[in-house]
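Number of protein chains: 2
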Amino acid sequence: MTIGEVSKKFNISKDTLRYYEKEGLINQVSKMNNRREYSEHDIENINFILCMRTAGMSIEILKKYIDLCMQGDGTAEERRNLLIEQREVICSKIKEMENAYNKLSYKIDFYYQTLLKKEKEIIKGE
Amino acid sequence: MTIGEVSKKFNISKDTLRYYEKEGLINQVSKMNNRREYSEHDIENINFILCMRTAGMSIEILKKYIDLCMQGDGTAEERRNLLIEQREVICSKIKEMENAYNKLSYKIDFYYQTLLKKEKEIIKGE
DNA sequence: GCTTGCGTTGGAGTGTACTCTAAGTGTTAA
DNA sequence: TTAACACTTAGAGTACACTCCAACGCAAGC
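The listed protein sequences derive, respectively, from chains A and B. My numbering applies: residue 1 is where the first sequence begins, and numbers increase by one. My numbering applies: residue 1 is where the second sequence begins, and numbers increase by one.
Calculated from the structure, these hints are not laboratory results. These figures come from a predicted structure and were not determined experimentally. Be careful, since some hints might not be right.
[Claimed, not checked] What follows is a list of derived Cβ distance ranges for each label pair:
{"id": "1", "chain 1": "A", "residue 1": "Asp15", "chain 2": "B", "residue 2": "Ser39", "range": "44 to 50 Å"}
{"id": "2", "chain 1": "B", "residue 1": "Ser92", "chain 2": "A", "residue 2": "Tyr112", "range": "31 to 37 Å"}
{"id": "3", "chain 1": "B", "residue 1": "Glu85", "chain 2": "A", "residue 2": "Tyr19", "range": "27 to 33 Å"}
{"id": "4", "chain 1": "A", "residue 1": "Asn102", "chain 2": "B", "residue 2": "Ile43", "range": "50 to 56 Å"}
{"id": "5", "chain 1": "B", "residue 1": "Ile122", "chain 2": "A", "residue 2": "Val89", "range": "30 to 36 Å"}
{"id": "6", "chain 1": "A", "residue 1": "Glu40", "chain 2": "B", "residue 2": "Ile43", "range": "21 to 27 Å"}
{"id": "7", "chain 1": "A", "residue 1": "Glu37", "chain 2": "B", "residue 2": "Ile12", "range": "44 to 50 Å"}
[Stated by the list, open to error] Take a look, some chain B residues computed to stay more than 12 Å from chain A by CB distance:
{"id": "8", "residue": "Thr2"}
{"id": "9", "residue": "Ile3"}
{"id": "10", "residue": "Asp15"}
{"id": "11", "residue": "Thr16"}
{"id": "12", "residue": "Glu21"}
{"id": "13", "residue": "Glu23"}
{"id": "14", "residue": "Val29"}
{"id": "15", "residue": "Asn34"}
{"id": "16", "residue": "Tyr38"}
{"id": "17", "residue": "His41"}
{"id": "18", "residue": "Gln71"}
{"id": "19", "residue": "Glu77"}
{"id": "20", "residue": "Arg80"}
{"id": "21", "residue": "Lys95"}
{"id": "22", "residue": "Lys120"}
{"id": "23", "residue": "Ile123"}
Built from N, CA and C at the ideal position, the CB exists for glycine as well.
Given the sequences, and given the hints that come with them, work out the whole structure.
As structure tokens, then:
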């Protein structure tokens with residue numbers, strides 16, 4: 001897959017893909033005529049990275065994880081611990097967002113009541 | 001309440017509080033001897049803003065909402081629509097994060113299996 | 001009166017994650 | 001063969017949300 005195709009597939013810019021490679025999130029993509037050729041493995045990797053990025057995981061943490069992967073089997077436990085830690089971070093973020101969701105719902109409902117009341121008054125006034 | 005007290009209460013820096021005020025998220029706090037005195041209303045406001053900020057709402061959107069509040073009752077419907085829209089944004093973010101959570105859980109489990117297998121091999125080898 | 005502590009200001013600086021630019025290469029289609 | 005198009009690079013620029021700095025103000029306690 002070319003960079004253009006990957007860019008379209010995931011709806012991210014080519015610049016971002018090159019940036020991730022430069023930062024070491026994607027291991028050096030093989031090249032044909034000086035152009036990137038993304039393998040199935042690369043695609044899977046990008047998919048994971050994007051999923052974690054949208055969940056708010058930093059590039060630094062992701063890089064650390066990828067680096068551990070590169071270092072081979074010996075780092076399996078460390079990698080596992082890193083993922084458990086990050087899952088916890090995501091978990092508390094979800095809780096914060098649910099809290100915000102509820103606060104918003106409460107306010108939205110309040111506006112609904114207000115608008116309803118106003119409407120009634122208008123009808124009454126006619 | 002002084003800026004120092006509010007800063008401690010919410011665990012944010014005084015700079016951030018002044019920054020939010022400058023950006024118009026908190027309406028001009030009254031001053032005694034040129035020092036900010038936060039009212040109960042200010043505190044409630046800050047609480048809401050921080051809740052939305054941790055949920056990822058941008059300062060720009062928050063400012064828009066606060067501006068509408070300032071403009072009075074006439075903007076109630078517009079405010080409500082803004083909140084509904086933002087609730088939707090938060091909702092999809094929660095879904096993305098839950099997706100990431102599940103992906104992580106899957107990987108963590110995979111590492112668990114791997115480590116278990118490795119352990120068995122070590123025992124076998126002894 | 002002097003130090004300490006808490007505050008003030010405008011404006012500069014920082015970190016993160018892109019995003020854009022300029023100048024160039026290599027393939028394809030008319 | 002020339003134009004269009006997709007790609008390459010290094011490096012500069014941008015957006016967002018703070019965060020820090022220097023220089024100063026004011027009140028309390030020693």
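We went through each hint and held it up to the structure:
A hinted range of 44 to 50 Å holds for the C-beta pair Asp15 of chain A and Ser39 of chain B, which are about 47 Å apart. Taking 31 to 37 Å as the suggested C-beta distance range, the pair Ser92 of chain B and Tyr112 of chain A does not conform, at roughly 22 Å. Look at Glu85 of chain B against Tyr19 of chain A: about 30 Å separates their beta carbons, and that is inside 27 to 33 Å. Our hint of 50 to 56 Å for Asn102 of chain A and Ile43 of chain B is violated, since their Cβ atoms are close to 20 Å apart.
A C-beta distance of roughly 32 Å is found between Ile122 of chain B and Val89 of chain A, which places it inside the suggested range of 30 to 36 Å. Look at Glu40 of chain A against Ile43 of chain B: about 54 Å separates their beta carbons, and that is not inside 21 to 27 Å. For Glu37 of chain A and Ile12 of chain B, the Cβ-Cβ distance of about 48 Å falls inside the hinted range of 44 to 50 Å, so the restraint holds. With a least CB separation of 26 Å from chain A, Thr2 of chain B remains clear of the 12 Å interface cut-off, as annotated.
Non-interface call for Ile3 of chain B relative to chain A: holds, since the shortest CB-CB distance, roughly 24 Å, exceeds 12 Å. Annotated as non-interface, Asp15 of chain B keeps its C-beta farther than 12 Å from every C-beta of chain A; the closest such distance is 22 Å. Consistency note on Thr16 of chain B: stated as away from chain A, and its beta-carbon is indeed over 12 Å from all of that chain's, at 17 Å minimum. Its beta-carbon lying about 22 Å from the closest one in chain A, Glu21 of chain B satisfies the requirement of being farther than 12 Å from that chain.
Listed as outside the interface, Glu23 of chain B is consistent with that label: its C-beta sits roughly 19 Å from the nearest C-beta of chain A, beyond the 12 Å cut-off. The beta carbon of Val29 of chain B is kept farther than 12 Å from every beta carbon of chain A, the shortest such distance being approximately 22 Å. The non-interface label for Asn34 of chain B is consistent with chain A: the shortest C-beta to C-beta separation is roughly 34 Å, beyond 12 Å. A cut-off of 12 Å between C-beta atoms confirms that Tyr38 of chain B is not in contact with chain A; the least separation is 20 Å.
With 12 Å as the threshold on Cβ separation, the claim that His41 of chain B sits away from chain A holds: the shortest Cβ distance comes to roughly 16 Å. Listed as a non-interface residue, Gln71 of chain B keeps its Cβ farther than 12 Å from every Cβ of chain A; the least gap is roughly 14 Å. For Glu77 of chain B, the shortest C-beta to C-beta distance to chain A comes to about 6 Å, within the 12 Å cut-off, and the non-interface label is violated. Non-interface call for Arg80 of chain B relative to chain A: violated, since the shortest CB-CB distance, roughly 4 Å, does not exceed 12 Å.
Against the 12 Å criterion, Lys95 of chain B falls within the reach of chain A, whose nearest CB is about 10 Å from its own CB. The non-interface label for Lys120 of chain B is consistent with chain A: the shortest C-beta to C-beta separation is roughly 14 Å, beyond 12 Å. No Cβ of chain A approaches the Cβ of Ile123 of chain B within 12 Å, the least distance being about 17 Å, so the stated non-interface status holds.
Of the numbered hints stated above, those contradicted by the structure are hints 2, 4, 6, 19, 20, 21, listed in ascending order.
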